[in-house]
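When you get a sec, could you build the whole thing from the sequences and use the hints?
First residue of the sequence shown: 1, per my numbering; consecutive thereafter.
Calculated directly from the structure, the hints in this document are not laboratory data. Remember, it's a predicted structure, so these values are computed and weren't measured experimentally. Glycine included, C-beta positions come from ideal geometry on N, C-alpha and C. Take the hints with a grain of salt, since some may be wrong.
Quick list of simulated restraints, FRET-style, between CB atoms [claimed, not checked]:
| hint | residue 1 | residue 2 | range |
| --- | --- | --- | --- |
| 1 | Ala267 | Val75 | 39 to 47 Å |
| 2 | Ala447 | Ala141 | 43 to 51 Å |
| 3 | Leu385 | Ala282 | 15 to 23 Å |
| 4 | Pro262 | Ala475 | 39 to 47 Å |
| 5 | Ala447 | Val209 | 42 to 50 Å |
With a straight-line cut-off of 20 Å between C-alpha atoms, the simulated EDC-like cross-links for lysine to aspartate or glutamate are [claimed, not checked]:
| hint | residue 1 | residue 2 |
| --- | --- | --- |
| 6 | Lys127 | Glu279 |
| 7 | Lys457 | Glu380 |
| 8 | Lys457 | Glu351 |
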Amino acid sequence: MKPQMKRTNLGQERELGQLEGVSSPEHRSSDASTGTSGSSSVGAADDREAAKLGLWRLSWPIGIELMLQFLMGTVDTLMVSRIGDNAVSAVGVSNQILQAAMMLFTVVNAGAGAILARMWGARQWDKARKTAAIAIQVNIAFGLAGGAFFAFGSGWVLRLMGVPGEVRGYASDYLAIVGTALIVITLHLVVNALIRNTGNTKGPMVITVAMNGMHLLLNYALIFGAGSIPAIGVEGSALSTVISRLAALAAALFVLWRTFRPRLGRADFRGAGRGLMREILAIGLPVSVTAMSWGFSQLVLLAVISSLGPVPLAAYTYLQTVEQFPWMIASAVGGALAIQIGHWHGAGLHERVRRGPLRAIQAGTLLILVSSAGLWLAGEPVLRLFTGDEAVIAASLPLLALCIAWQALRVIPFCLSGALNVVGGARPVAAMSVIGMWFVSTGGAYAFGAAFGWGLKGVLLAMILDEIARGVCFAFLWVRRYRKRIDTEHMFSYSKNEEYSTTS
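What follows is the structure, encoded as structure tokens:
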């Protein structure tokens, strides 16, 4: 007589047919209709899907996408600078305003991406489609409202911010075009995020490559004029942004539509979906609070650094630019891990979920140590690409050595916070993040940098302590969460064994 009990040993990786990824709905139906042979084909399909959820396979397209965004932003600034410094300032101010406005969309986008990954891993296709539909509907509503606001209120916002008159004219023209088309930008971002969370990170990368290429060509034609196309300056840059984003949105919507089986249709956009919306907000609200708090804390941090003098401020600005590359690695690895965790959590592969962050942290830390050390070794030539001021270079070089530790430590809280958000720990992550960024990072920067007179080294020391504190707290939360799960499942397994021995 064979025991009929659920396997609960988390050390065994055979849960759900060794599913590390997810198979498509057709594979699932094939299994139901063909019996044993169907199970064999599903196993092969699951192996293919498992390969698609490898950390490297997911992370490198995200890294390329981030790199392209950084490079194209730099090229965009260089092209607009041909018009004049006021034009560059106008585009910079306008983009800051737009980024602040788009913070509102993180409430839905962060939560929807995590829930979609979980539903995809659980093979709950109807809920996955409904999650995507909710995210699109909310972004349409917010995008239309935001577009109307910028269409009629951009001048008021610029005056409220105290933007100088010579810059305000350019900024008003730019915001009138890009701000009014906010719905295009927000929809493109959320659709790309939804595609990414199904495990397809290469699709959004390809779309971004094509979008940036189109943006570059349109920028040249519309800013400077080409053939019969007149030169329209800053307005040309704005039109280029909207047109290239619109083309990218069309491509992304097509990819998202093809991702689902059955296809995403009108029925998915009907009904309230209140239960799913609550799940989305349970993740999205804490994440958005963290993002907004971080934005405000950075303003205060910049004020502290500004009080140290113009040379430290310039050194910190160049340091932030140079250290974008290691940050992109951390962001790519953390984003890939969040997708993995979502799929595995939805599929019930708790041992994989438990071990996932450790593997990602090891890989990310190694890559960042190499890249940060390379920047330190090539520090002076790299810094001379940005400035010839000897005082600024002298102030920046020692900081590059500290950045090796800072950037490596950033991987730990970055990976663990994303993983905790996906599995339902967003609220404690937000609370600890807000405390860390204000009391340890910003408060420590003032204490060490200004009060103790340690300058930028004191500021970086505070940032390092913040990463350590949050990393330890998040690691504690992660270990406690999965230790409870292991204890619970071992108790369940023991009770089942007792039941079996009694009945047999």
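Quick rundown of the hints versus the structure:
1. Ala267 <-> Val75: 39 to 47 Å: At 43 Å between Cβs, range holds.
2. Ala447 <-> Ala141: 43 to 51 Å: Cβ of Ala447 to Cβ of Ala141: about 44 Å, so the range 43 to 51 Å holds.
3. Leu385 <-> Ala282: 15 to 23 Å: violated, 45 Å
4. Pro262 <-> Ala475: 39 to 47 Å: At 42 Å between Cβs, range holds.
5. Ala447 <-> Val209: 42 to 50 Å: Because 45 Å falls inside the window, the suggested range holds.
6. Lys127 <-> Glu279: Distance ~12 Å between Lys127 and Glu279 Cα, so the pair holds.
7. Lys457 <-> Glu380: holds, 18 Å
8. Lys457 <-> Glu351: violated, 41 Å
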